[in-house]
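Given the structure of chain A, go ahead and fit chain B onto it with the hints provided.
Each chain, written out:
Protein chains: 2
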Amino acid sequence: MKNRYGIGVDAGGTFLKATAATPEGKVLCSLSTPTRPDLGPKAFVASTAELVERIEKRLGGRSPGLCVAVAGDVDVQRGVLRRSPNLESYEGFPLRKALQNGLKRPVSLHNDANMAAWGAYAVELKRKLPKVLVLTMGTGVGGGAVLDGKLLTGATGTAAEFGHMRIYPNGYPCNCGAHGCLEAHAGTYGLRRTVGELLAEKKSTSRLRNKDFTPKDVADAANAGDNLAKEAWRRVGRALGLGVVNLVYTFNPDAIVFAGGLSRAGALYMDTVKATADAESFRGPFGHLKLLIAKRPDLGSVGAAVYALDA
Amino acid sequence: MKNRYGIGVDAGGTFLKATAATPEGKVLCSLSTPTRPDLGPKAFVASTAELVERIEKRLGGRSPGLCVAVAGDVDVQRGVLRRSPNLESYEGFPLRKALQNGLKRPVSLHNDANMAAWGAYAVELKRKLPKVLVLTMGTGVGGGAVLDGKLLTGATGTAAEFGHMRIYPNGYPCNCGAHGCLEAHAGTYGLRRTVGELLAEKKSTSRLRNKDFTPKDVADAANAGDNLAKEAWRRVGRALGLGVVNLVYTFNPDAIVFAGGLSRAGALYMDTVKATADAESFRGPFGHLKLLIAKRPDLGSVGAAVYALDA
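Which chain is which? The protein sequence lines are A and B, in order. Per the working numbering, the first sequence starts with residue 1, numbered consecutively. Per the working numbering, the second sequence starts with residue 1001, numbered consecutively.
One chain only, chain A, in its complex shape (with noise of 0.2 Å):
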């Protein structure tokens, strides 16, 4: 066997991605396959047996371990999805002790923005901040927290929910149900709402109006000069800043590693977001603390595959 490899598996509703990674995280292999929550869980099971098995035989040797990351709320303990949006027919099926048993090796069960955070510590950091927080800024926002090299997992599997942290009471309607989160302010249907409401308050010139615009097509408008894009980037920014202040005086970081699709457009928020940071008075947490934009776009199936060696 010439390298060491865990496998982490990214579950999303659409596509099943497989990743083998070395310790250090370089990946050595990547495979997929179309996921079909439809067909249950024993289909995934199956599926994800069959990938593995694709896995080994190309690199050989056997991976020790195997970690799947799963958008939702995991239960961590019992290796079960509690709720998972993308994945409603496999909750309350009790997944890890089937694939443990199907892969007949250890395997734990993760939520995909703690895996980012595993990823955002243990490779793209080279485990050399022991106190690192991660934003996976999708469609959702999604938070993790490694501190002291331990993954933070909450007495149910629930810690580190930071899109639901509540950064406006009375803010945009978020997914969850609740009213001003995170993530209704700083995921792709945030921005999109603060789009569209800049859209309605005034008579606009921007080459976003009249036009079911794209995140990317807000960011190509700001980067191209346009003033209500770069505003409404201000405002995901003022949303982040909020959160980025009280993670600090929660967790008082070494740093937050903003990860995830909309962390490409990150140099058009980031200065509004360290300009909120940089306004507290109390300065002590905020001196030390380094906001940096995730370099790899995998950090979630690199950090499951070596969370699978770590584990």
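Hint data in this document are derived by calculation from the structure and do not stem from the laboratory. Treat the hints with care, as some may be off.
Pair ranges (Cβ atoms, derived) [unchecked claim]: (1) A:PRO85 with B:GLY1149: 31 to 39 Å; (2) A:ARG209 with B:ASP1148: 47 to 55 Å; (3) A:GLN77 with B:LYS1295: 28 to 36 Å; (4) B:PRO1085 with A:THR205: 29 to 37 Å; (5) A:PRO130 with B:GLU1024: 29 to 37 Å.
This one's a predicted model, so the numbers in the text were calculated from it and none came from an experiment. The beta-carbon is built from N, C-alpha and C at its ideal position, and this holds for glycine as well.
Same frame as chain A, now just chain B:
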């Protein structure tokens, strides 16, 4: 030596109080002396040494360690007060080292709310719940967290400053310089401001009008049926409820314990806190949560005494 005991020193701006307690938190002796911060840190070390000597003369034996709890921002690693409104003259002085030299034993120096968290975890809850947060409600609102038997201190000692979570982004001014912090709405000055605004809003027959009221007056008025006072406590409860929501999404704790002077009025706002938490539709981490009011009024000092043995 009959009892093994630790000594906790609660260093307030007015009084220095030393408490000797067993590992289980039974208080064996408690002595105090004026702090006199005007005399500088060396006088503080001498006063502390004298209190410890008097305790050991009375109890016999020798306490193996000492823990000093201070309001403010403590550099836990270096053992230095970074910022302490009541003890400004000690800021920057190598206090822990001076105490260790003066007392010839290990000394730790911590934020007082962190020690209240240790008291809640180790004494009040007898180490039975692994993830315990505390909110200390006095003039300000302090915070502390114990996760799996470890005190959360953060990268530079400033973690768990829950009183400075932003609850209402354009809310009341906070003593820290920001607006809308939890303590600006739920500490005693937040309560006073809330009552003041309610009195200004409308012609009121409240018994609090034209009066320099204390928090106890507001509690007495509410208990006597005064509607304005009851509304003020509901607003405190609403701010605390939003704080609790953020803490639950962040830590997914087993319990949050309310301590400090204003926790005595808990019956006047706890229903609102619970209703705010119960309104969350993302139920996972809330079903598990215990919201408790501290039974002991001395969690900070007894927590420091026990921590002196645990550290």
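Results for each hint:
no. : hint                                : result
1   : A:PRO85 with B:GLY1149: 31 to 39 Å  : holds, 35 Å
2   : A:ARG209 with B:ASP1148: 47 to 55 Å : holds, 53 Å
3   : A:GLN77 with B:LYS1295: 28 to 36 Å  : holds, 29 Å
4   : B:PRO1085 with A:THR205: 29 to 37 Å : violated, 51 Å
5   : A:PRO130 with B:GLU1024: 29 to 37 Å : holds, 32 Å
Taken one by one, the earlier hints fail for this structure only at number 4.
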